[in-house]
Amino acid sequence: MALSSSQVPSPGHVLVTGGCGFLGHHIVDLLLERHPQTRVSVLDLRTTSNRSSNPNVSYYDGDLTDKDATKALFQKLKPEVVIHTASPHHTAKNEILFKVNVDGTKALLEVSQETGVKAFVHTSSASVIHNPEEELVNADETYPLIAGKEQPEYYTSTKVWAESAVLAANRTPASFLTCAIRPAGIFGEGDVQLLPKMLSAYFKGQHKFQIGENQNLFDFTYVKNVAHAHLLAVVALLTTHKKLPSIPLDTERVDGEAFLVTNGQPVYFWDFPRQAWKEAGNTLPIESVWHLSFGTMMVVGSLLELACWLLGKTPNLNRQQVQYSCWTRYYNIDKAKRRLGYKPIVPLEEGIKRGVRYILEQREKEANGVAAKKNL
Amino acid sequence: MPKLSSIFYYGVHPSELRSIIQWKVWHNPVHERDESKECETLKQCFFYLDMTSRSFAAVIKELHPELLVPVCLFYLVLRALDTIEDDMTIPLEKKEPLLREFDTVLEKDGWTFTENGPNEKDRELCVHFDVVIEEFKKIKPAYKAIIKDITKKMGNGMADYVNNAEHNIHSVNTIKDYELYCHYVAGLVGEGCTRLFVEAGLANPALLQKPELMESMGQFLQQVNIMRDIKEDFDDKRRFYPKEIWSKHVDKFEDLFKPENQQAALNCTSEMILISLQRADECLYYLAGIKEQSVFNFCAIPQAMAIATMEECFRNPNVYKTNVKISKGQACQLMVDSTQNLQMVCDTFRKYARKISKKNNPKDPNFLNISIACGKIEQFIESIFPTQKSKGGAKLISAEQEAKEKAEAGEARQDTIYMGLAVFLTLFVITGFMVTIAWFAGARFDIAFGQIRNTLFGSGFAGNDLPTNENLKNALTPEHGEL
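Those protein sequences? They're chains W and Z, same order as listed.
Under the working numbering, think of the first position of the first sequence as 1, with each following residue one higher.
Under the working numbering, think of the first position of the second sequence as 1, with each following residue one higher.
Think of the hints as simulated: they come from the structure by calculation, not from any bench.
Mixed in with the good hints, there may be bad ones.
Said to hold, decoys possible - The calculated BS3-like cross-link candidates involving lysine-lysine, where the alpha carbons are at most 27 Å apart (straight line), are:
| no. | chain 1 | residue 1 | chain 2 | residue 2 |
| --- | --- | --- | --- | --- |
| 1 | Z | K138 | Z | K176 |
| 2 | Z | K404 | W | K67 |
| 3 | Z | K358 | W | K204 |
| 4 | W | K335 | Z | K358 |
| 5 | W | K337 | Z | K355 |
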C-alpha cells in the first residue's frame, strides 16, 4: 500500500489525545504533512509544548478522566477519527497510571461511542506481551497479554487493560471501529526516555562498559515510523467503515486487532547505543570497552539497589536494567506489514542520527541559556 | 607430508583437526559416479572438470545420477566461456562475436578453440572442447535447451561487459553495474541450475516463481569471491569493486593497498561484505526448496563456505595482501554441517552472523547496517525454525479481575483476623467461666499464685504468711476431690 497524499482520501476531522506529547505531536505533524487540508484537534493535559504552527490544528486543554468535559468537547468538535496516544510516564504513581490509562481510556471510548466517532486508533505498547520470566524471540501478536500479578510493571498492566477495553469496544455500535498499535522502544526527536538516557550515560562517561556478550537482538523504533503506522491504521479503519456492515476476511481485518510495530531492523542490543554515542561524537575505540559478564553485573546491580535503598536514592543501575541489556527482545511485524501495508519509512540509522542531533541541539541551547544568564 | 606450520596449527586447533578426520572418514557420498559404465569422452569430461574446478568438482561428482552429467557439462561450457572472456590476449573483434554465439558452438561437432594465450590456466579445456560437445549431444533435450539458453544469455552479458571494459577504465562504476555483472556470471548459473533441478524433479517448482532467490544464490557466491580476490585480481589488472563503493573510502583504487589507508580499506571491505550479507536470508530460503540430498549438498556447501569466507575477511587487513582463505579444518567442519539438513545450515549461518557481529566496529561507517544485516539473518532463521513457541491463549487477568482478586485477598486477610479474634475470645470466655466456677467452688488462687511465685523466686521471697507445700496440698486436695 503506497502512501501519498494524492492517493489517500482525507481522513476528515481527527482528534489526537496527547497530541503535545512525544509521539502525539509527531502524529499531528505527519498527518498535516500528508493531508494539509485536514482538520486536527489536539486534546492534552497541557498544550503549551510541541505545538504545530499550522492553522488547521486547534488545541484544547483537558483531562481525559473528566468524562463530562470530554463529552462536551466532542459534542462541539464532532471528530470522525480519534487517535488516542495520551498516557502518563511509566514512572508515574500507580493510581495515576490506572486513572488515566484505564479509566481515562474507557471514558474516552464511551464518549467516542456516544458522539458518532468512526475510527479509534489506540497507542498500546509492545510491552503488553512482556513476560518477566522470558525473552521474546521474534514474538508476534499470538503471544499472550500479561497483566496483573504476573506483570511486575504496573504501567504495562494498565496498558494491557486499556488495550483490551479498546478492542472490546470495536463494532459497538456497529459503526464504531477500533484497533491498537503496539510500538517497541520508541525513540526520536523529543523522546524523553530512550535516547536521552543513553546519551546521558555517554556524557557521564558510562559508555566504557558493556554488560553481557552482545548477542541478543533488540527492537528499537523510530518515532516517525510509529506515527506512520497510526495513520495507516486510520486509513484502514476508514476503508472498512465505508464498506460497513460487511466484515473483512480474518486475514485482512484491521478493526478489533492489535499490531506490533517496530523498525523491522532488530540489532544486537549494544550496537544501538554505540551508534548513538558515535553520532554524539564518541571516538573511544571498541577495544577499550570493558566487557562485564551478566552474572557479575546482576550481583553489582543488586548491591547498588541495596546501597541506594539504604540511602534512599535511585540506583544508576539495577538488576532489571542488567537483565534488559542481556535479553533478546524482538518482534515479528508481519501482521502490520500484511494488513496495514506497513513498511518503515525511516531506517534505523537515519532515525538515530535525527534523534541524537535533536538532543545535541537541546544541550547547546541549554548551555547558551546558562551562558546568557551568567552574562546578565 | 603435512607442513610443519599446519602441524602446529592443528596442534592448537584440535577441533578443526577432528573435523578433517570426521569428513575424511565418515563422509559417504549420497551418490557415486560409476566410472565403469562411462564412455571415453565422458571420462574425459570428468577429467577436465577436475582440472578446471577446485571447489565444485567434488560436489558435482556426488550429484544424483539424473543430473550428474548435465551439471558437469553445464559447468564445463560456462568454464570455457569464462576462459575466453578472461583472456586479454584475444582481440575484442574476435572475442565479442565468439561470446555472443557460444550457444551455437554447442551444436558444432568437433569444435575446438586453440587461440587462448599460453598462460590461460584452463586453455586445455577449450583445446579439447569437442569431448564436451560430444557428450552434450547425448543428454535429454530439456536439459540441452536450458544449458543453451543460459549460455546464450551469459555470452551476451559478458560481451556487453567486455565491450564496456574496453572503453572505460572503471568498468564497474555503480553498485547496479556490479550486480549486473554478477548476474551474468553467477545469477544466471543460479537460474540454470534451478531449472535443471526442477526439470529433474529434485527441487520445488515454486523456486522458479521466486527468481530473486536463485539470483541471490549466485550473487552471494560471486560477490564473496570478488571481495576476497581483490588482491589477486588487482595483480592481474582486473577490478570488480564498484567505484561507487571504493570511492567513498579512498580517492584512487590503488590507494586501498597502501598501509596508511588500512582503516579506509577495511571499511571498504565491510561495505562489500554488507551488500552480499543482505542476501543471506534469501539463500537460506532457496535451500528450503531443495528436495533431494545430493542437490542440497551441492547448493549448501558453497553457501556455507561463502559466509565463512566473509567472516574470515571481515575487518581483516590481509585481504589486501594475500588471498585470504578459511582453514582446511574449518572447511571440513562446514562440509560436515552443510551436508545434513537445512537446520544445520541455518545454525552455521547464525554462528557466522554472530561472529561477524562480534568483529563489528563502531568506527566502521556501516557498523549499524552490518548489525541489522546479521539481525535479519537471525530473524529469518527464527521464522522457519522458531526457538520459542507462543503460549497463545493464556487467560488474561483483567483490571476488574485484578481489583476483585485484590479485594478478595483483602477480605481473606480480614477473615483470618476475625477468625483469630473469635477463637481467642471464645477461649478467654471459657477460661473465665471455668475460673469463676472454680472460685465459687472455693479454689484458693492466692495459694496457687503464691506457690508459683515460690517456685520461681525461691521460698525466701515468698514471705512467712504463705502456706508451705504441705499446707498447700491439704488446702487443695478436698476441693479436687469434690470437683
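Determine which of the earlier numbered hints do not hold for this structure and return their numbers in increasing order. Hint check: 1, 4, 5 fail, others pass.
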